[in-house]
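S.K.: The lines below spell out each chain.
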Amino acid sequence: MIKLQNITKVYPMGKRELEVLKGISLNIEKGELVAIMGPSGSGKTTLLNLIGCLDKPTSGSYYLDDREVSRLKSGELAKIRGQKIGFIFQTFNLLSRLTALANVELGMTYAGGVDRKRAMEALARVGLSERVKHRPIELSGGEQQRVAIARALVKNPSLFLADEPTGQLDSHSGEEIISILTSLNAEQGITVLMVTHDANIASHCQRIIQLKDGEIVW
Amino acid sequence: MKKWSNFLSTVWLGISTHKLRSFLTMLGIVIGVAAVIILMAIGRGATAEILSNIESMGSDLITIRPGAFTFGGIRGGASETLTIEDAEAIAEQVPYISAVAPSYSSNLQLVVGGENTNASVTGTTPEYMVVNNLEIASGTFLTEYDYQRGAKVTVLGSNIKETLFGNTDPIGQQMRMGGNIVRVVGVLESKEVMMGGPDDAIFIPLTAMQQMVAQTRTAQGERVVSSISLTVSDEAQADYVVEEITTLLRTRHRLGALDDDDFNIMSMQEIAKTISEATGTMTLLLGAIAAISLLVGGIGVMNIMLVSVLERTREIGIRKALGAREHDIWIQFLVEAAFLTLVGGIIGVIIGWLVAYFVSSLGLMTTVVTADIVILAVVVSVSIGLFFGFYPAWNASRMNPIEALRSE
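Line by line, the protein sequences give chains A and B.
49 is the number that my numbering gives to position 49 of the first sequence; each next residue is one higher, with no gaps.
91 is the number that my numbering gives to position 91 of the second sequence; each next residue is one higher, with no gaps.
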């Protein structure tokens, strides 16, 4: 499903250049549950952003579902994000002014149109049927992250990208989130890529990729 | 349909989140549009009032006065060139004329009971009433019979009647006029136009005037008049009639090709055109001044939209991560700006309209609000939103999603 070939990413830092990714090659099959680990600054998030079509690599090629996407225009990339990719962020990134339901519906706005019934189903899937009218501020961290998962889930993506999904949660809520993600992976065959620091959480994954200084070490 | 309601709810979200800010942004447009509407309404109202005054005097009216030119209201040249014979020639030889009324004015001493005043008296023919669109309030106007035999009768303007007779009925009463006794036969309906109109006039038959004052004659022995007024039967032919009269009078007055006219022809149409051009310019000027405040309002919209885009960087990042294209973000902010100014424009129209209505109904000024101005104001306010929202919306659409998501 995902095929990276010799991907590099270089950021200009004033006069010097910062090479964040130094030739990453990677294959991820459909339905895999993968953890990306590594110390701060190793390029985990940059890699995830590239895979999520939020950014383009400096060189190398990236095939998503057998389509070369690394040279696409921003409008095309946005379309791919809207149709195939569900993001889950460490800081949830919900719109604070919207209810849980409206936040989930926002996930469909740019992916074919809002369908309230499906939004309710997605919220039910993450166990929040009772809290659809609550705003993020009225929800616990774990609940907010579940709303974010519902928002990603509602457009039936084939790929989930989670950047430290449990980073701001207590261990109990973290376990809940991981169990939702693993069951989505097991039951619906959604490919899940997760950046994490937590070895305990990574242990739930079938495969662990270790990054260090922009290279895969293990 | 669903897509639209969705889209509008997105826009509404942006606006409703900062109600006070949105309101203040709108206020600039509201004030600008209201100012445009009010000032244009006043300008249009003034034009309409002046034109209706002219209309009441008869838009088919043409007046000929002696004298070559007018400069700053002062008439120059010889002043005794028009004659009764000129008037008769015009009536006979120029086509498209329905009535001609020569008149001769002179200051005479008036005595009614104890009242003793000096006033301008106009000697004229019965046609004068038709030509000048006058109406009789009581009694009759000068008749053909009065004219033929030079009857010592008079018709009074409404103001003069008030001055001389107060509230008593003057019909049939006698008054002294320059040594003669005249009998009042009629009182005119008030016209309520400018000073010096028929409300302040006193009319007697031109034939009676010739007996009362020694009337001047020209070198050819023709009887001098102070003006000739006439009406055209077809308003579309007014310009042609003016031309014909000019040719006729130049021939009759034996003017050479290089001589200036020794008379002056004014058609009401001409006057109305001049006045409406002048007031139209004034109206545009007023509108332009008001439009400046609209421009300032537009700059306010841009300012607020720039702040709003900056503040919602994270939201833009989230939307982009969820699949929003640059185009989607651009349209969202553009429509938000246009919506603000559209609502501001509509509120401005309503306020402007109400103010114009109250100014009118309180009798302060005549105001006219026309559909074209309302439509223009709304279209302009939406355009302002689109114009001044363009750059902020473009800024928003160009944000890098990763950096936007990282912002706090």
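Hints may be right or wrong, so weigh each one.
Claimed, not checked - Quick list of the computed label-pair ranges, beta carbon to beta carbon: (1) A:Ser40 to B:Ile292: 20 to 28 Å; (2) B:Trp4 to A:Gln168: 49 to 57 Å; (3) A:Arg71 to B:Phe390: 24 to 32 Å; (4) B:Trp12 to A:Ser59: 22 to 30 Å; (5) A:Glu138 to B:Ile402: 50 to 58 Å; (6) A:Glu76 to B:Trp4: 35 to 43 Å; (7) B:Ile402 to A:His197: 18 to 26 Å; (8) B:Ile292 to A:Arg71: 33 to 41 Å.
To be verified - Not the full set, but computed from the structure, chain A residues with beta-carbon under 7 Å of chain B: (9) Leu48; (10) Asp55; (11) Thr58; (12) Gly60; (13) Tyr63; (14) Tyr110; (15) Ala111; (16) Gly112; (17) Val114; (18) Arg116.
Unchecked claim - Covered by chain A, according to a simulated footprint, are these stretches of chain B (three or more residues, beta-carbon under 8 Å): (19) 10-20; (20) 319-325.
Treat the hints as calculated values from the structure; they're not laboratory data.
Cβ atoms here follow ideal geometry from the backbone N, Cα and C, with glycine treated the same way.
S.K.: All hints, please: hold or fail.
M.R.: Tested hints:
1. A:Ser40 to B:Ile292: 20 to 28 Å: Between Ser40 of chain A and Ile292 of chain B, where Cβ atoms are some 56 Å apart, the hint is violated.
2. B:Trp4 to A:Gln168: 49 to 57 Å: At 37 Å between Cβs, range violated.
3. A:Arg71 to B:Phe390: 24 to 32 Å: holds, 30 Å
4. B:Trp12 to A:Ser59: 22 to 30 Å: violated, 44 Å
5. A:Glu138 to B:Ile402: 50 to 58 Å: violated, 29 Å
6. A:Glu76 to B:Trp4: 35 to 43 Å: For Glu76 of chain A and Trp4 of chain B the Cβ distance comes to about 25 Å; the hint is violated.
7. B:Ile402 to A:His197: 18 to 26 Å: holds, 20 Å
8. B:Ile292 to A:Arg71: 33 to 41 Å: Violated - the Cβ-Cβ distance for Ile292 of chain B and Arg71 of chain A, about 50 Å, lies outside 33 to 41 Å.
9. Leu48: It is violated, given that the least Cβ distance between Leu48 of chain A and chain B is near 10 Å, above 7 Å.
10. Asp55: holds, 6 Å
11. Thr58: This hint is violated: Thr58 of chain A lies away from chain B, its Cβ roughly 14 Å from the closest one there, beyond 7 Å.
12. Gly60: violated, 18 Å
13. Tyr63: Violated: closest Cβ of chain B sits about 20 Å from Tyr63 of chain A, beyond 7 Å.
14. Tyr110: holds, 4 Å
15. Ala111: holds, 5 Å
16. Gly112: Violated, because the Cβ-Cβ distance from Gly112 of chain A to chain B comes to roughly 9 Å (cut-off 7 Å).
17. Val114: Nearest chain B Cβ about 5 Å off; hint holds.
18. Arg116: violated, 10 Å
19. 10-20: As far as the stretch 10-20 of chain B goes, the hint holds, because 3 residues have Cβ atoms under 8 Å from chain A.
20. 319-325: holds (count 7)
Consistency with the previously given hints fails for numbers 1, 2, 4, 5, 6, 8, 9, 11, 12, 13, 16, 18, ordered from lowest to highest.
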